[in-house]
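Student: Turn these sequences into a full structure, and let the hints guide you.
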Amino acid sequence: MTRIAVVDYGAGNLVSIEQALAAAGAEIVLVRRAEALADADAMVVPGVGAAAPAMARLRRRGLEAPILAWIAAGRPFLGICLGLQLLFDGSDEDDAVTLGVLPGRTVRLADAPRLPHIGWNQVERRRAHPLFAGIEDDADFYFVHSYAAAPGPGTDDVILAETAHGGRFVSAIARGSLAGVQFHPERSGSDGLRLLANFVGLARAAGSPPGLTRAPALAR
Amino acid sequence: MLRVRVIPCLDVADGRVVKGTRFVDLTDEGDPPELAERYAAEGADEIVYLDIDAAPGGRGTLLEVVERTARRAFVPLTVGGGVRSVTEMRDVLRAGADKVSFNTAAVRDPGLVRRCARRFGSQAVVVAIDARRRAGPDDPGAGWEVVVKGGREATGLDALAWAELAVAAGAGELLVTSIDRDGTGAGYDTVLLRAIADRVQVPVIASGGASGPDDFVAAVRDGGASAVLAASIFHRRRHSIADVKAVMAAAGIPVRLVAGTAA
Chain A
1 MTRIAVVDYG AGNLVSIEQA LAAAGAEIVL VRRAEALADA DAMVVPGVGA
51 AAPAMARLRR RGLEAPILAW IAAGRPFLGI CLGLQLLFDG SDEDDAVTLG
101 VLPGRTVRLA DAPRLPHIGW NQVERRRAHP LFAGIEDDAD FYFVHSYAAA
151 PGPGTDDVIL AETAHGGRFV SAIARGSLAG VQFHPERSGS DGLRLLANFV
201 GLARAAGSPP GLTRAPALAR
Chain B
1 MLRVRVIPCL DVADGRVVKG TRFVDLTDEG DPPELAERYA AEGADEIVYL
51 DIDAAPGGRG TLLEVVERTA RRAFVPLTVG GGVRSVTEMR DVLRAGADKV
101 SFNTAAVRDP GLVRRCARRF GSQAVVVAID ARRRAGPDDP GAGWEVVVKG
151 GREATGLDAL AWAELAVAAG AGELLVTSID RDGTGAGYDT VLLRAIADRV
201 QVPVIASGGA SGPDDFVAAV RDGGASAVLA ASIFHRRRHS IADVKAVMAA
251 AGIPVRLVAG TAA
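Residue numbers (this note's numbering), protein chains in the order written: chain A, 1 to 220; chain B, 1 to 263.
Possibly wrong hints are sitting among the right ones.
[Claimed, not checked] Here are the computed distance ranges between Cβ atoms for each label pair:
hint, chain 1, residue 1, chain 2, residue 2, range
1, B, L257, A, A65, 38 to 48 Å
2, A, A65, B, R199, 41 to 51 Å
3, A, P113, B, D109, 29 to 39 Å
4, B, E153, A, A34, 47 to 57 Å
5, A, G167, B, D158, 25 to 35 Å
6, B, R199, A, R32, 54 to 64 Å
[To be verified] Which residues of chain B face chain A? A few of them, derived with a C-beta cut under 10 Å, are:
hint, residue
7, R5
8, V75
9, P76
10, G82
11, R115
12, R118
13, F120
14, G121
Everything labelled a hint here was simulated from the structure, so no lab data went into it.
C-beta atoms are modelled at their ideal positions from N, C-alpha and C, and glycine is treated no differently.
Tutor: Below, the structure written as structure tokens:
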């Protein structure tokens, strides 16, 4: 069974994300310590709220280095909302220094008629990606945030989708097996469940290359 | 484009959905998660639970209901009623809610709003404002007063001033209920809604007075609401969520239409 590590660092509700991934046939491991990452096939970093306290909690739990190592190894990763924003260099919200996996910053939504941006909005794809397989272009997903990642120079290939709220912002990214979404798939009805199932499928494919049988994990 | 949300509100007491008039003559209407899932399937953009159970020990029951809901209905869930501390809010979020709505507790201690927003982010903090017109129903110049305890207790606070203060303290949304209209079916108080929506940058959720889909249109067009909440018209199945959204869409309001729910 595909094992998904969901990083639990006290940044929001994990019940729905757990349930949605389980519905897609994954086994969920809640990760509060790095050791719990052993045997996982993929990692999900959820989260809402501000970047600085989130980074502080990740560091306190010794999770920053293992997350960076996981991404550097090209293993399947999905960041949700704050989990996407943390991938960039830093956040304007509280001047937090974040993971720095991708160049760019998290900035306040420009020209927004109202903030926070709360509710269902259209995710307009720039290109096809297996994460969105079976989901209509411009489908509605649920957002709740005031800041969004602004990818820096040389990251045009990273942008997967955009959304308009006054100005336009990046609502999904992907590079290799790294992916992130600004919306909440676990709160986005059937399309959200589909997206998470697609991620589980990608993790399964990455974990079991064709022609290879995985050895059963030892001593859980 | 951001959709205008349609939000059914369920009154919950002792782990059950109840119906009644102003907290009296309550009747049992079913299992909250089951109803929430049904509404989600019909196109509800969020669900609100209002915990009207003042009984001690009722919190455990509520948390269990929240968790069962989060496992079944994959739309956002807001819980209002009875949360008085950061710790209590943490428990409700951990059980699976996305937002907590504060009413009386916020009026008594605006610092609670600030502490909860700092800990969980403004997006998780809703301040519910129950407002009553100060003078005759057609004299908006007199303004509105904030009332608490389901409208039984006046506070002397001006509703518009309180709205600004609540947002400054960290509220990410305001849920504005006209106590004059609540339960009357006379339509939302669009003058009140517009007065508040013009003063704050956060989304305003309209509440109190809906009797049909046209009221939802007015709350958005005239009141400037970002979301519209109703209870009884959905529970009594006078109108489905899909009916309401179809009328809103026909009026040019952007709504999320869910496949298979056409009116």
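Student: State for each hint whether it applies.
Tutor: Status of the hints after comparison with the structure:
{"no.": "1", "hint": "L257(B) - A65(A): 38 to 48 Å", "result": "holds (46 Å)"}
{"no.": "2", "hint": "A65(A) - R199(B): 41 to 51 Å", "result": "holds (47 Å)"}
{"no.": "3", "hint": "P113(A) - D109(B): 29 to 39 Å", "result": "holds (31 Å)"}
{"no.": "4", "hint": "E153(B) - A34(A): 47 to 57 Å", "result": "holds (52 Å)"}
{"no.": "5", "hint": "G167(A) - D158(B): 25 to 35 Å", "result": "holds (34 Å)"}
{"no.": "6", "hint": "R199(B) - R32(A): 54 to 64 Å", "result": "violated (43 Å)"}
{"no.": "7", "hint": "R5", "result": "holds (5 Å)"}
{"no.": "8", "hint": "V75", "result": "holds (6 Å)"}
{"no.": "9", "hint": "P76", "result": "holds (5 Å)"}
{"no.": "10", "hint": "G82", "result": "violated (18 Å)"}
{"no.": "11", "hint": "R115", "result": "violated (13 Å)"}
{"no.": "12", "hint": "R118", "result": "holds (8 Å)"}
{"no.": "13", "hint": "F120", "result": "holds (6 Å)"}
{"no.": "14", "hint": "G121", "result": "holds (4 Å)"}
Hints 6, 10, 11, counting from the list given before, are not met by this structure.
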